[in-house]
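Participant: Sequence:
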Amino acid sequence: MPGWGYWIEQGATTLWESWDKNDSKNHVMYGHISEWFYANLAGIQPDEAAPGFKHFYVSPLFADGLTWASGQTLTPYGEIKSEWKRSENKVQLNITVPFNTTADILLPKQATIISENTGASQNKRLAQTARFYRWFWRLLH
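Anchor point for the sequence shown: position 83 equals 87 in the working numbering, and the numbering is continuous, going up by one each time.
Please note that a few of the clues may not be correct.
[Claimed, not checked] Below, computed lysine-lysine pairings styled on BS3-like, alpha-carbon distance capped at 27 Å:
hint, residue 1, residue 2
1, Lys29, Lys58
2, Lys113, Lys58
3, Lys113, Lys85
Don't read these hints as lab results, they were simulated from the structure.
All chains should be modelled from the sequences, with the hints used to inform the complete structure.
Facilitator: Now the structure itself:
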């Protein structure tokens, strides 16, 4: 059965309704996968009590086998960005929080912060306001 690569080979610029060429050429049924990337790998998740990402959470999934991930989403307040890189047992996390918003950064339980530009404490839930943030930490196994 063909897949997304087949669509690209056929010149598709949208998501088709089915794997072959016989149905709708603009169908969003496979579109939800992109939300999984920014909501899970990049960890950008809305706070349901604060519509439009006025307040949001960043809780990246550091999936086995991946050494990095990045994602962004455009909100009414600006673009939220989250990217992380892993090397050995160290992780660097960069986050951009738009002006007039707040974010809770949720780090893994096994994280020990070794460097940051935030002035935040060692706890794993870090509240931040608008600007760019960078953390480095060790993952303890």
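Participant: Hint by hint, say whether it matches the structure.
Facilitator: A quick look at each hint next to the structure:
At roughly 35 Å between alpha-carbon atoms, Lys29 and Lys58 are farther apart than 27 Å, so this suggested pair is violated. Distance restraint check for Lys113 and Lys58: the Cα-Cα separation of roughly 26 Å lies within the 27 Å cut-off, and the hinted pair is therefore satisfied. Proposed proximity of Lys113 and Lys85 is supported: the alpha carbons are some 22 Å apart, at most 27 Å.
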